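J.: Each chain, written out:
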Amino acid sequence: MRITWQPRLLVFCALIGAMDSTFAMETQTEFNAAYAVAEAAEKEAGILRNQWTATEAALAEARNMAAKGDFKRAIAAAKEAEALARASIFQATQEKEAWKDREIH
Amino acid sequence: MASSIRVRAIAKNETTEVQTLIQHPMDSGFVKDDKGDFIPAHYIKELTFEHGGRMVFVADWGTAISKDPYVKFAFQGGAKGDDLKVSWIDNKGATDTVTVKIQ
Amino acid sequence: MRFWPALIMLLALSAASPSRAAEGTDPAADARAFRDYFFKKFPDVRPDDFVNGPYALDKDMRRQWEEKEQFPPYEFSLEMGKELFAKPFANGKHYADCFPGQGIGVRQTYPRFDEASGQVVTLELALNQCRETHGEAALSYVGEDMAALTAYMAFTSRGKPFDIEIPDDPRARQAYEDGKRYFYTRRGQLNFSCATCHVQNPGERLRAEVLAPALGILNAMPIYRSEWGGMGTISRRFVTCNSQVRGVPLEPQSEEYRDLEYFLSYVSNGLPISGPGARP
Numbered sequence: 001m002r003i004t005w006q007p008r009l010l011v012f013c014a015l016i017g018a019m020d021s022t023f024a025m026e027t028q029t030e031f032n033a034a035y036a037v038a039e040a041a042e043k044e045a046g047i048l049r050n051q052w053t054a055t056e057a058a059l060a061e062a063r064n065m066a067a068k069g070d071f072k073r074a075i076a077a078a079k080e081a082e083a084l085a086r087a088s089i090f091q092a093t094q095e096k097e098a099w100k101d102r103e104i105h
Numbered sequence: 106m107a108s109s110i111r112v113r114a115i116a117k118n119e120t121t122e123v124q125t126l127i128q129h130p131m132d133s134g135f136v137k138d139d140k141g142d143f144i145p146a147h148y149i150k151e152l153t154f155e156h157g158g159r160m161v162f163v164a165d166w167g168t169a170i171s172k173d174p175y176v177k178f179a180f181q182g183g184a185k186g187d188d189l190k191v192s193w194i195d196n197k198g199a200t201d202t203v204t205v206k207i208q
Numbered sequence: 209m210r211f212w213p214a215l216i217m218l219l220a221l222s223a224a225s226p227s228r229a230a231e232g233t234d235p236a237a238d239a240r241a242f243r244d245y246f247f248k249k250f251p252d253v254r255p256d257d258f259v260n261g262p263y264a265l266d267k268d269m270r271r272q273w274e275e276k277e278q279f280p281p282y283e284f285s286l287e288m289g290k291e292l293f294a295k296p297f298a299n300g301k302h303y304a305d306c307f308p309g310q311g312i313g314v315r316q317t318y319p320r321f322d323e324a325s326g327q328v329v330t331l332e333l334a335l336n337q338c339r340e341t342h343g344e345a346a347l348s349y350v351g352e353d354m355a356a357l358t359a360y361m362a363f364t365s366r367g368k369p370f371d372i373e374i375p376d377d378p379r380a381r382q383a384y385e386d387g388k389r390y391f392y393t394r395r396g397q398l399n400f401s402c403a404t405c406h407v408q409n410p411g412e413r414l415r416a417e418v419l420a421p422a423l424g425i426l427n428a429m430p431i432y433r434s435e436w437g438g439m440g441t442i443s444r445r446f447v448t449c450n451s452q453v454r455g456v457p458l459e460p461q462s463e464e465y466r467d468l469e470y471f472l473s474y475v476s477n478g479l480p481i482s483g484p485g486a487r488p
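Chains as they are written, first to last, in this note's numbering: chain A, 1 to 105; chain B, 106 to 208; chain C, 209 to 488.
I should point out that these hints are in silico values taken from the structure, not numbers from a laboratory.
Since the model is a prediction, treat every value here as computed from it, not as a measurement.
Heads up, a few of these hints could be off.
[Unchecked claim] Here chain C is said to cover these stretches of chain B; the calculated rule only asks that three of the stretch's residues, wherever they fall, bring their Cβ under 8 Å from a Cβ of chain C:
1. 107-117
2. 155-162
3. 165-177
[To be verified] Partial list, computed: chain B residues near chain C (C-beta under 10 Å):
4. Q128
5. P130
6. M131
Where a beta carbon is used, it is the ideal one built from N, C-alpha and C, also for glycine.
Build out the structure end to end from the sequences listed, making use of the hints.
T.: The structure is reproduced here in structure tokens:
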């Protein structure tokens with residue numbers, strides 16, 4: 001029993017290790033996807049000539065964290081950037097009409 | 106090249122009012138350039154105003170004074186036509202001086 | 209769920225509408241209304257005094273400014289501007305060759321609408337166009353040299369009233385309208401428009417600054433800003449205003465900025481050029 005227990009444990013640990021690196025690869029891929037979405041949204045905001053410096057800062061944070069290998073933070077920053085970019089798109093779209101409310105007549 | 110010192114002194118009754126504008130970078134030494142290197146401190150250390158052989162105003166300056174400093178003060182005495190000598194020396198040893206007539 | 213995506217989902221996106229057609233614009237009426245708004249808001253301010261920005265609205269700041277005007281901080285830049293303006297290009301030509309009236313006393317007629325190219329030409333753009341015509345590299349729109357040159361040209365026009373023309377060309381009216389729209393549009397993460405500060409809150413404090421009224425706001429440009437420790441152009445101010453509301457600035461002299469300058473200058477027609485100015 002003792003002789004068979006350790007190899008089983010070893011195999012178990014090896015399996016966990018393999019799964020870990022599999023998760024790490026997915027996180028990198030996840031990051032790439034999240035960043036691409038954020039970047040596309042920021043580009044759309046750029047076409048509307050209304051990008052926010054906060055969005056740019058979040059994208060930079062995402063890149064920095066990814067470079068350090070902290071994909072959890074990197075993805076969070078990318079999602080933040082996407083949200084900010086979408087808010088800026090919303091702002092630009094609303095303002096196409098809303099500006100008239102403030103015009104001096 | 107013109108002097109770095111612009112000065113105007115106006116005598117009124119017993120008092121002379123002096124204004125001066127000096128062109129000088131007054132770098133504090135704490136600001137970085139585009140490359141990220143500190144711009145070395147470069148500032149006027151002493152500014153003096155002399156009238157009738159007497160120092161009427163002396164300023165001991167350091168890094169807290171901003172670029173292109175402006176000074177305004179008044180002193181007792183001085184009459185129209187008198188000379189007023191303004192001089193400065195900075196931390197790199199550079200100097201400038203100018204003498205104007207009180208108006 | 210995160211706030212912003214929820215908000216976006218909750219509120220229907222308004223359909224993208226085309227820019228307001230040029231046909232409905234009446235710039236002259238706009239300008240009258242603009243002036244009346246500020247004259248009514250500040251009845252004790254002399255009309256011409258609006259060009260002095262915060263100094264027209266704050267007594268203490270005015271006192272300090274008047275003192276400094278005896279020995280203005282922009283003197284060095286102004287002198288440099290005069291020298292730069294007089295200096296010939298490598299081909300022997302001068303800036304004077306590119307401008308009406310040799311470039312002296314003409315600042316108040318810029319921006320102009322150039323019907324040949326169909327775009328607004330500001331003074332800064334005209335200076336660089338002049339350089340390029342004569343084989344010189346363009347100057348940075350946010351740099352010292354451009355500031356010094358425009359300071360000198362403004363100085364030669366001091367006291368002359370802004371005299372901006374909108375020719376009878378739908379493209380010109382559209383440029384004016386686009387500039388007006390830019391002025392009133394909220395932008396940046398702080399969601400401010402130019403109007404938020406300069407129409408709704410002139411005379412109020414924003415941190416340590418007293419906000420200037422939009423009427424006459426370009427008359428004092430370029431300005432020696434104590435904050436900058438030097439002279440800065442209209443381009444520089446537009447860029448920094450954008451970043452201050454946390455909007456990514458556009459390229460200096462972008463179409464939007466030129467149209468904005470066109471609008472702001474036109475509505476200040478009749479008010480005297482006071483540049484170069486000094487501000488905190």
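J.: Determine for every hint whether it applies to the structure shown.
T.: How the hints compare with the structure:
1. 107-117: With 3 residues close enough to chain C, the hint holds.
2. 155-162: violated (count 0)
3. 165-177: That given contact holds, which follows from 5 residues of the region 165-177 of chain B lying within Cβ reach (below 8 Å) of chain C.
4. Q128: For B/Q128, the interface hint holds, since the closest Cβ of chain C sits about 5 Å away, which is under 10 Å.
5. P130: holds (9 Å)
6. M131: holds (9 Å)
In the structure shown, a violation is registered for the earlier hint numbered 2 alone.
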